[in-house]
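Trainee: As a plain string of letters, each chain reads:
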Amino acid sequence: MEKKKMNNRRIKTVRSREISWKYMRSLVVFLFLLAIAAAASCGCGRHKDDTTLRWVTYSASGAAMDAKEVIEAANQISREKIGVEVELEFQPSDKMNLMMASGEYYDMVFTSSWLNVFDKRAQAGMYYDITDLVREETPALYESVGKYWDCAKIDGRIMGVPILKDMGASQMFRFNADYFEGKKGMEIPERMDGLQSLEPFLKAYKEDYPDQYPLAMDKGGIPGYLNFVERIAGGIIVIPYEQETELPQAMAIWDCEALMERYRLLHRWYQAGYIHPDAATIDSTDADKSIPVRFGVAWKGYMGYSNPAQWGYNVKVSTYEGPFLSRQSEQGAMFGICAACSRERAAQCLKYIELLSTDRKFRDILAYGIEGKHYRYLENGTVLQTQTGLNRYPANLYTTGSVVNASVASISEEIVSDPDQWKKVFAEYDTDGIYSKTRGFYYDTTRKEDIIAALQAIYSDYATELRTGTSDPDVVIPKMRKRMEAAGFDELLEDVQNQLKEWMERGEDEQAQTESEEP
Amino acid sequence: MKARRKRNFNPEEYTAAQRSVFSKRTNLIFSMLFALLALAVFLPVLLVIIVSFTSESSVTQNGYSFFPQSFSLEAWKYLLHSGTYLVRAILNSFLITAAGTVLSLMLMCPIAYALSRKSFRYRRGILIFLMIPMIFSGGLVSTYMVYTQILHLRNTYLALILPLLCSTWYIMILRNYYQTAVPDSLIEAAMVDGGRQLQIFLRIVVPITTPVTMTVALFQIFAYWNSWYPALLYLDSNHTELYPLQYVLVNMQRSIDMLANDAQYISGAQAYIPPAVTVRMVLVVVVILPIILIFPLFQRYVKNGMTVGAVKG
Amino acid sequence: MNRRRQNQKNRNPRSRRRGARKQDRELMLMSFPALLWYGIFCYLPLFGIFFAFKTFTPRPGESLIRNLFVNSPWAGFRNFTFLFKSSELQGILFNTLFYNLIFLVLGIVIPVMLAVVLAELHSRFFSGLVQMVMILPYFLSWVIVGYCLYGFLATNEGQVNHLLSLFGAAGIQWYQSPQYWRVILILVELWKSSGYAMIIYLCAITAIDRTLYEGAKLDGASFWQRVRFITLPMLRPTIATIFILRTGSLLASDFGLFYQVPMDSNSLQPVTQTLDVYVYKALMTQANFGFSAAASFLQNVVGCILLILTNMVVRRIDEDSSLI
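Protein chains in written order, with my numbering: chain A, 207 to 725; chain B, 1410 to 1722; chain C, 562 to 885.
One thing to keep in mind: the hints can contain errors.
[To be verified] Interface residues of chain A toward chain B, partial, derived using beta-carbon atoms under 10 Å:
1) ILE277
2) LYS301
3) ASP489
4) LYS495
Since the hints were made in silico from the structure, they are not lab data.
Glycine is no exception: its CB is placed at the ideal position from the N, C-alpha and C atoms.
Modelling step: build the complete structure from the supplied sequences, incorporating the hints.
Mentor: Okay, here's the thing in structure tokens:
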């Protein structure tokens, strides 16, 4: 009996030792794996090799499904032509901010006025000064960008490459033409005069359908409704394009009469039932095809809004404002080259950007995918994306290089675009473009960032309901003003005005200089 | 051991009706109350499920409704659309969930046991050591820097497994359970027998504390299955082969939102805008489904009253 | 403390101590893997606290230490100032504390009540079903919760206004009516988190020695007596743990609940603005990680003090329930 118990116990301890040994073993294996992983990936330091560039660009939703294949195809060609390959990464905005904030290494990065803010980064010295390099190494690129280099200058030095796309913003209405022209016999001109010219259309529809809301409006407000002013510190301070004073003035939102009028107009429309009562909480109205009036920000000749198959009726587009050109709008998309790059590497980056900006065939690969699979060329030279293309490699235009150098996309076999669209658009910018007088001025936020943050928080307590017309600006804005002034608004405005004045004085000096150099 | 436990633990003795103090009537009343509560809790979830089968046009016209005008499978078709991609992602998710859950139990249970021993000399020190990270954290940027610049875990499975491995919260729950469920006398007796702590833990403590192990395992399974943020942080877009399911779904969601929200900004040669609202709900149902599938399995392990009696006798 | 008491009890201190030391060593070894994890993944990133006092301007491609100490100048307390620029700081703090205190109390009372009763239900199948249903909301993201709620509260298409119109009442513009939202937000939070907490408590109940219950039953104890004298005392450590941990985050708030659930509606701002929402709104357009580090540092310091205080109080009342 005793013996048996002893035996039992021995077996037990042996077994439990086995178990505990197993446990320890798996732990050791785990730690070992950890060490290996740490050691193995230590190898991938700054660059894979001398001819592969790490290029980080933006995409709200990660890479398209066929991105790998497409990049592979592009790399083959670029290796042949300039001996450079890219490792292209599509990163969402939060990740991109994080990468920049943590000092991660890259060669080229997407930068702009709205994401990974160019002025701020370039001032902090994050980007390579390409002023001389671009002229020496890539004259064709220098040529192609032309006067738009201005928007990439910090203190006269070129710190980035602007991507040529729609450089200004044309503000448009999109009408259900079947209803307004066909049924109501109203005329939709190509050009309308201002937002208020929409009123008769809204009124007509509301009379026919009292239960419906004719104006497409979501929490974002009218897209680009602030484009007619220059915006500083997230739109709290504005510089109107057209001012009565000789020198441009920076002013508060509440002092900008045109803007206040716009808010009042929207509120009137809200009360008249043209705008959905929950507009300030609606994410998107795109699914609701019954809405007869929408907005758009695009360029002359843009066909993307006009696909009847998508909407179920013919769409007619009418420009009501613009095109507005400012430093902000021109900085819509840019390349930044890492300041830590060597000269050779920066030159390689520029060569790659040059190839994207001058070689149409090559550009179309990253823009639309692989010919035959993702898209094909129509007779007039425009591109038509296939269903596979739309699903597996949706157009990546402004994030992967020059838009102007890519072929223009058509909607379908029947609705074709003008292949020379961009020439006309840029010609229009030269003739009819409304330029900001302070184009080139950028506000250095570093000293007042805390005030701006506090003001932003206050602004966002009112902004959505103001821009959707939900709240009455004459009631709400005085409240906002009071809070903002308590948070240091005047101090910020003064700083903005001082910097603006300095900039204008500097500009006069520079002008005087160039004039004296010329003869 | 197995045989012994079977002999001592007789399920008949512990059938619910016997141990409950509720009379049949009280039971009925409370059951009804719980049924009502559960229904109220379930209504919004039901709404999600119904909307996922509703046609997009019906949603835009009438809002979310329990009785939609027209049903449609369009949103579900959209999900299946990206077929092969999903299979790989599901496999990844399985791998990460399994490895992560097992590893995290292997890490958390022993330390919880050590902390449950009142005679452990460093108990207080370790407790404080675990509490500090619960209050102070380095924040996103520094964590990201540690993962990418010190440990170089970018684009590895480990980067998805490691972040969720331990949680002071669950360690505390495990510790409290060990303290309540395992009598000191039991462990002291085993120690007199010369048992080592690891043996005692594996031979005595683990078998009688399955309910808490399973509860923590369940929550860890869900945590791993639903996690996508580490994937966003540590996987680059050219390593799609590592993507877990949730991240693929999040990306799908984001791209639909982008199409729907930014249509007025981007060049929209798009003929097809996916049904944004209903797809969103489909993705939610995909998240809920595994929970409904796994929960009954877990239920079998969390039973009352089988703990101490089983070992003592 | 414990050790000393034990030694006094023990007749043969030397052998006892040796045994204790062996035990300590073994337990330490068992704790080691987790401690290592904490060291690497929680303590190593703590250098991020520096960001609160630095103007962090890293240069790409340079080493972390260089970026932290050479490239980034000290900022003093400049990163903190944006928090105090707001004229609404009082209201923000009030909201944060108001909701957290309510969640602290209701978030414990309701799940405990549910768990205690649910554990007694006769039908195991039914109890399991209830648990499963109750935990589902925990897994819905706040964005989805926001959409669901919108489905109920939308002005024209919402279910609630439909119901109101059936009774002939006028519809309410919910997203423009802040007076209802304190209650709505509390209900939503309880709806989402109660199931999870309930399962934690149910699990803790299974740890209770059943013979205690059997004995009580033989003595003719009623349900309430049983709960009062057996269940609650046995649950006390778990409840205390949860209570102490939650007081540590009194200044933190669930951003999703207060920003995404009310759909960031401007009119609701007076009742939804908590500290985290304020920080998010302030830094929405300019991602300034120094500012956010400063904000969370402040929250953490306050949380730490609160946690230590609560722990001290709990310790005084019942030593076994205290956390540290």
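Trainee: Decide, hint by hint, whether the structure agrees.
Mentor: Okay, the hints, checked on the actual structure:
no.	hint	in the structure
1	ILE277	holds, 7 Å
2	LYS301	holds, 6 Å
3	ASP489	holds, 7 Å
4	LYS495	holds, 8 Å
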